[in-house]
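Peer 1: Residues per chain are reported as follows:
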Amino acid sequence: MIPAAFEYYRPKDMAGVLSILEKHGDDARVMAGGHSLIPMMKLRMADVPHLIDLQDVEGMSDIEIGSDSIKIGALVTQADIIDHAALAQAAPILREAALQIADPQVRYMGTVGGNVANGDPGNDMPGLMQCLDASFTVVGQDGERTVPARDFYEAAYMTAREDDEVLTKITIPSPKGGYAYEKQKRKIGDYATAAAAVQIVKDGGCCVSASIAMTNLSDTPIFSEASGAALVGKTVDDAALKAAVSAMLGDIDPTEDNRGPVAFKNHVAGVILRRAIERAWSRA
Amino acid sequence: MSNKKHITLNVNGKTEEFLAEPRELLIYTLRERLNITGPHIGCDTSHCGACTVTIDGKSVKSCTMFSVQAEGAVITTIEGIGDPDNLHPLQNAFKEHHGLQCGYCTPGMITRATKLLEETPNPTEEEIRFGMAGNICRCTGYQNIVKSIKAAAAEMNAAKEAAE
Numbered sequence: 003m004i005p006a007a008f009e010y011y012r013p014k015d016m017a018g019v020l021s022i023l024e025k026h027g028d029d030a031r032v033m034a035g036g037h038s039l040i041p042m043m044k045l046r047m048a049d050v051p052h053l054i055d056l057q058d059v060e061g062m063s064d065i066e067i068g069s070d071s072i073k074i075g076a077l078v079t080q081a082d083i084i085d086h087a088a089l090a091q092a093a094p095i096l097r098e099a100a101l102q103i104a105d106p107q108v109r110y111m112g113t114v115g116g117n118v119a120n121g122d123p124g125n126d127m128p129g130l131m132q133c134l135d136a137s138f139t140v141v142g143q144d145g146e147r148t149v150p151a152r153d154f155y156e157a158a159y160m161t162a163r164e165d166d167e168v169l170t171k172i173t174i175p176s177p178k179g180g181y182a183y184e185k186q187k188r189k190i191g192d193y194a195t196a197a198a199a200v201q202i203v204k205d206g207g208c209c210v211s212a213s214i215a216m217t218n219l220s221d222t223p224i225f226s227e228a229s230g231a232a233l234v235g236k237t238v239d240d241a242a243l244k245a246a247v248s249a250m251l252g253d254i255d256p257t258e259d260n261r262g263p264v265a266f267k268n269h270v271a272g273v274i275l276r277r278a279i280e281r282a283w284s285r286a
Numbered sequence: 012m013s014n015k016k017h018i019t020l021n022v023n024g025k026t027e028e029f030l031a032e033p034r035e036l037l038i039y040t041l042r043e044r045l046n047i048t049g050p051h052i053g054c055d056t057s058h059c060g061a062c063t064v065t066i067d068g069k070s071v072k073s074c075t076m077f078s079v080q081a082e083g084a085v086i087t088t089i090e091g092i093g094d095p096d097n098l099h100p101l102q103n104a105f106k107e108h109h110g111l112q113c114g115y116c117t118p119g120m121i122t123r124a125t126k127l128l129e130e131t132p133n134p135t136e137e138e139i140r141f142g143m144a145g146n147i148c149r150c151t152g153y154q155n156i157v158k159s160i161k162a163a164a165a166e167m168n169a170a171k172e173a174a175e
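Protein sequence lines correspond, in order, to chains A and B.
Under this note's numbering, the residue at position 157 of the first sequence is numbered 159, and the numbers go up by one with no gaps.
Under this note's numbering, the residue at position 90 of the second sequence is numbered 101, and the numbers go up by one with no gaps.
Simulated from the structure, these hints should not be mistaken for laboratory data.
Just so it is clear, CB atoms sit at the ideal spot from N, CA and C, and this is done for glycine as well.
Incorrect hints may appear among the rest.
A short, non-exhaustive set of chain B residues, derived as facing chain A with CB atoms under 7 Å [what the hints assert, rightly or not]: (1) Leu30; (2) Ala31; (3) Arg34; (4) Ser70; (5) Lys72; (6) Val79; (7) Gln80; (8) Gly83; (9) Arg140; (10) Ala144; (11) Ala165.
25 Å max Cα-Cα, derived DMTMM-like pairs, lysine to aspartate or glutamate [to be verified]: (12) A:Lys14 with B:Glu32; (13) A:Lys187 with A:Asp259; (14) B:Lys161 with B:Glu107; (15) B:Lys161 with B:Asp55; (16) B:Lys15 with A:Asp15; (17) B:Lys69 with A:Glu280; (18) A:Lys178 with A:Asp55; (19) B:Lys69 with A:Asp85; (20) B:Lys126 with A:Asp64; (21) A:Lys244 with A:Asp205; (22) B:Lys126 with A:Asp253; (23) A:Lys44 with B:Asp67; (24) B:Lys15 with A:Asp122; (25) A:Lys73 with A:Asp166; (26) B:Lys69 with A:Asp55.
Here are the in silico distance ranges between beta carbons for each label pair [unchecked claim]: (27) B:Glu137 with A:Ala245: 31 to 41 Å; (28) A:Gly252 with B:Ala169: 24 to 34 Å; (29) B:Thr131 with A:Ser176: 22 to 32 Å; (30) A:Ser21 with B:Ala169: 49 to 59 Å.
Excised from the complex, chain A in its bound form (with noise of 0.2 Å):
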């Protein structure tokens, strides 16, 4: 497959990716590893004039873990986070996550920061993102600004960032006790069925906070605070556990697709959830 001819671009810096989009506007893309819009463009889904490519653009690959939060530039593969010994210190979860995402010659290539910014439900960083309570950094022409991983995705493919904007960095407070990232899919390299991302804190026996995120389960990551809630307060045990999947069920959307009707998704969502917070619980 061939995709349509396009204009190709690879700027050194950062004001030289803000002029091109400022120039050509929607008819203009950013991309990272490529490995969510390359196979749009074959199968010409995606209609690209005017490609803008982010490899040579500095300051964008690192991975900083500060005292009180970690920060991780957009274009750092899913392959580095894996290999980085003192992320999988600090946040673990990220490395569960990733190693759970398509395959090694994908994940090679594959950015956080093309994984979070592309805004497809499929994708399982954003919902982690989510669960961690990360926030964005997307630069413009009018500078820089930060959302909120939590405010970022409004539906399928339509995030908080506009179109003359890049998505730099990602900012995560560093999180505190268990965790769990739990994912059904049909196969290597497929989309999740359901996944959860569950970090949770215990205090004597008692949980006192929980963070709870789902993905693939609607046409954006599911935050489901009311799903964490259930916990607090609680020693997570089965009635917990059964308030907490109750709560993430009234907040998920899910839609019947190859991966089976409605119906299975929330009895697997329900399944996925349960072994997250059991696993996260256990590490708590």
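Following the hints, position chain B against chain A.
Peer 2: Chain B in isolation, oriented as in the chain A frame:
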């Protein structure tokens, strides 16, 4: 409308320079422009891994990269890994352990496996299956592919020890 780009690649140790439209995918550059036909087009949708090549130390599906993105890169295909008179231990092991039947996926399998063994020189069966998950084989059922990679790892490790 599109301006051709001047592209320079190092493929299997040889410098290749040409003009190409930005939309030219690397797999087509390799197969049709450079006549390097080891990397195959299987699915053409980034799933099967038959087109896997090594680009600057990463295993990449060359159907999902524009050649212009690889400007300046060092690329290795199955042709750069061994030849009939001088097989790579992986090629030899695939032959000895029946790691292939029709052979269509094999160049991608072996190219990916070279990188896997570089990163994990002594892999468990589980690590092999996980590390090879981006390559699909419709004939073998994978059993003999896993065996082949394990055997090649053992041979390469023994050769390395002998050299030390």
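Peer 1: Does each hint fit the structure? Answer for all of them.
Peer 2: These are the hints, each one checked on the structure:
Below 7 Å, beta-carbon pairs count as interface contacts, and Leu30 of chain B has none with chain A, the closest being about 13 Å; its hint is therefore violated. Against a cut-off of 7 Å between C-beta atoms, the interface hint on Ala31 of chain B is violated, since the closest Cβ of chain A lies about 10 Å away. The interface hint given for Arg34 of chain B holds, since its Cβ lies 5 Å from the closest Cβ of chain A, which is under the 7 Å cut-off. Contact between Ser70 of chain B and chain A, as hinted, is supported at the beta carbon level, the nearest pair being about 5 Å apart and thus within 7 Å.
The restraint placing Lys72 of chain B at the interface with chain A holds, with a minimum CB-CB distance near 5 Å, inside the 7 Å limit. Contact between Val79 of chain B and chain A, as hinted, is supported at the beta carbon level, the nearest pair being about 5 Å apart and thus within 7 Å. The interface hint given for Gln80 of chain B holds, since its Cβ lies 6 Å from the closest Cβ of chain A, which is under the 7 Å cut-off. With a least beta-carbon distance of about 10 Å to chain A, the hint placing Gly83 of chain B at the interface is violated under the 7 Å criterion.
Annotation: Arg140 of chain B was flagged as interfacial toward chain A, and the flag is violated, the nearest CB pair being 10 Å apart, outside 7 Å. Taking 7 Å as the C-beta cut-off, the interface hint given for Ala144 of chain B holds, the closest approach to chain A being about 4 Å. A distance limit of 7 Å between C-beta atoms decides the matter here; for Ala165 of chain B the minimum to chain A is near 22 Å, and the interface restraint is violated. The straight-line distance between the Cα atoms of Lys14 of chain A and Glu32 of chain B is roughly 21 Å, inside the 25 Å bound, and the hint therefore holds.
A C-alpha spacing of about 13 Å is found between Lys187 of chain A and Asp259 of chain A, which places the hinted pair at or below 25 Å, so the restraint holds. For the proposed pair Lys161 of chain B and Glu107 of chain B, the alpha carbon gap of about 12 Å is at most 25 Å, so the pair holds. Proximity of Lys161 of chain B to Asp55 of chain B is assessed by CA-CA distance (about 29 Å); at most 25 Å being required, the pair is judged violated. A C-alpha spacing of about 23 Å is found between Lys15 of chain B and Asp15 of chain A, which places the hinted pair at or below 25 Å, so the restraint holds.
At roughly 36 Å between alpha-carbon atoms, Lys69 of chain B and Glu280 of chain A are farther apart than 25 Å, so this suggested pair is violated. Distance restraint check for Lys178 of chain A and Asp55 of chain A: the Cα-Cα separation of roughly 36 Å exceeds the 25 Å cut-off, and the hinted pair is therefore not satisfied. Annotation: proposed proximity of Lys69 of chain B to Asp85 of chain A holds, straight-line Cα distance about 13 Å (limit 25 Å). Note on Lys126 of chain B and Asp64 of chain A: the hinted pairing holds, with a Cα-Cα distance of about 24 Å set against a maximum of 25 Å.
For the suggested pair Lys244 of chain A and Asp205 of chain A, the alpha carbons sit about 21 Å apart, so the restraint of at most 25 Å is met. Proposed proximity of Lys126 of chain B and Asp253 of chain A is contradicted: the alpha carbons are some 43 Å apart, above 25 Å. For the proposed pair Lys44 of chain A and Asp67 of chain B, the alpha carbon gap of about 24 Å is at most 25 Å, so the pair holds. For the suggested pair Lys15 of chain B and Asp122 of chain A, the alpha carbons sit about 32 Å apart, so the restraint of at most 25 Å is broken.
Restraint check for Lys73 of chain A and Asp166 of chain A: satisfied, since their Cα atoms lie roughly 23 Å apart, inside the 25 Å limit. Taken as a hint, the Lys69 of chain B and Asp55 of chain A pair is honoured in the structure, with Cα atoms around 18 Å apart against an allowance of 25 Å. Look at Glu137 of chain B against Ala245 of chain A: about 36 Å separates their beta carbons, and that is inside 31 to 41 Å. A beta carbon spacing of about 60 Å between Gly252 of chain A and Ala169 of chain B contradicts the range 24 to 34 Å that was offered as a hint.
With their beta carbons about 30 Å apart, Thr131 of chain B and Ser176 of chain A fall inside the hinted range of 22 to 32 Å. At about 57 Å, the CB distance of Ser21 of chain A to Ala169 of chain B agrees with the hint of 49 to 59 Å.
When each numbered hint is compared with the structure, violations occur for hints 1, 2, 8, 9, 11, 15, 17, 18, 22, 24, 28.
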